[in-house]
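Enquirer: Okay, here's what each chain looks like letter by letter:
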Amino acid sequence: MNNHMKVEMAAKSENESFARVVVASFISPLDPTMDELTEIKTVISEAVTNAIIHGYEDDDDGVVVLACSISNDDVTIMIQDYGRGIDNVQEAMEPMYTSKPELERSGMGFTIMENFMDQIDIHSSAGAGTTVTLVKRFNQNQQQIAK
Amino acid sequence: MSLVSHFEQKEHVLLIRLVGELDHHEAGTLKVDWEHYLNAGGIQHVIVNLEDLTFMDSSGLGVFLGRYKQVKALGGEMVVCAIQKPVKRLFELSGLFKVIQTEATEIDALSRLGVAS
Numbered sequence: 001m002n003n004h005m006k007v008e009m010a011a012k013s014e015n016e017s018f019a020r021v022v023v024a025s026f027i028s029p030l031d032p033t034m035d036e037l038t039e040i041k042t043v044i045s046e047a048v049t050n051a052i053i054h055g056y057e058d059d060d061d062g063v064v065v066l067a068c069s070i071s072n073d074d075v076t077i078m079i080q081d082y083g084r085g086i087d088n089v090q091e092a093m094e095p096m097y098t099s100k101p102e103l104e105r106s107g108m109g110f111t112i113m114e115n116f117m118d119q120i121d122i123h124s125s126a127g128a129g130t131t132v133t134l135v136k137r138f139n140q141n142q143q144q145i146a147k
Numbered sequence: 001m002s003l004v005s006h007f008e009q010k011e012h013v014l015l016i017r018l019v020g021e022l023d024h025h026e027a028g029t030l031k032v033d034w035e036h037y038l039n040a041g042g043i044q045h046v047i048v049n050l051e052d053l054t055f056m057d058s059s060g061l062g063v064f065l066g067r068y069k070q071v072k073a074l075g076g077e078m079v080v081c082a083i084q085k086p087v088k089r090l091f092e093l094s095g096l097f098k099v100i101q102t103e104a105t106e107i108d109a110l111s112r113l114g115v116a117s
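Protein chains in written order, with UniProt numbering: chain X, 1 to 147; chain E, 1 to 117.
What the hints contain is simulated information worked out from the structure, not anything from laboratory work.
If you're wondering where the values come from, they're calculated on a predicted model, not measured in any experiment.
Relax, there's no trap hidden among the hints.
List of simulated lysine-lysine pairs, DSS-like, C-alpha gap at most 25 Å:
#1 E:LYS31 / E:LYS10
#2 E:LYS31 / X:LYS100
#3 E:LYS31 / E:LYS85
#4 E:LYS88 / E:LYS69
#5 E:LYS31 / X:LYS12
#6 E:LYS98 / E:LYS31
#7 E:LYS10 / E:LYS69
#8 E:LYS98 / E:LYS72
#9 E:LYS72 / E:LYS31
#10 X:LYS100 / E:LYS69
#11 X:LYS100 / E:LYS98
#12 E:LYS72 / X:LYS100
#13 E:LYS88 / E:LYS98
#14 E:LYS85 / E:LYS98
#15 E:LYS98 / E:LYS69
All chains should be built: construct the whole structure from the sequences, respecting the hints.
Expert: This is the structure:
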């Protein structure tokens with residue numbers, strides 16, 4: 001099946017749960033397992049939280065774009081902000097690294113995204129924003145059995 | 001779904017029951033309330049019952065890590081019980097189980113810390 005959607009939301013923490021629910025609902029036709037659903041909801045939460053805390057530094061005039069597309073059994077999710085950008089993407093992806101230790105961040109966001117998804121791609125430029133693209137392949141086991 | 005946190009003191013143990021979803025939006029309030037109880041005195045150990053915590057992300061991990069440091073400074077232990085699969089995976093991934101103890105039930109956790117339930 002093929003489908004896509006895109007929503008825009010204010011960079012407010014209230015919208016983190018909204019973003020999770022939107023994507024969970026959108027991918028429900030793929031009949032995801034409980035584990036897959038948890039993984040998707042967790043990575044959405046991580047990326048949207050990053051946009052709010054790091055991209056916009058809690059300025060809720062900021063806008064977060066969430067787009068999701070389904071192509072056969074592949075789900076691609078894009079989370080975009082127009083905030084300050086990440087100074088050093090490689091450093092940001094290190095497990096336990098956080099640029100805001102005073103906020104009691106665990107520094108596990110990108111590690112979780114890497115672990116729960118099949119592919120992760122981060123584009124960031126100073127002052128222009130960050131786009132995180134995540135890909136997950138569903139129903140891999142069924143396909144293997146079918147072969 | 002939001003988060004509801006129940007706090008209860010049993011002897012020298014702070015028992016917390018978390019119901020709902022713990023994300024960045026909910027983490028701030030939980031942290032403030034949790035710190036308030038720890039700072040009030042008379043508490044050494046913390047038990048967190050996660051039976052009804054249906055979702056958690058890395059913001060939740062940050063809150064646990066921060067309170068673990070506080071409890072450790074009090075010379076106490078942090079125990080989580082009835083942890084569900086989605087939350088358990090995050091604890092495993094972060095290595096939190098190396099410092100936070102785990103028990104199957106709230107009764108097991110209380111008896112581990114010497115509190116008669």
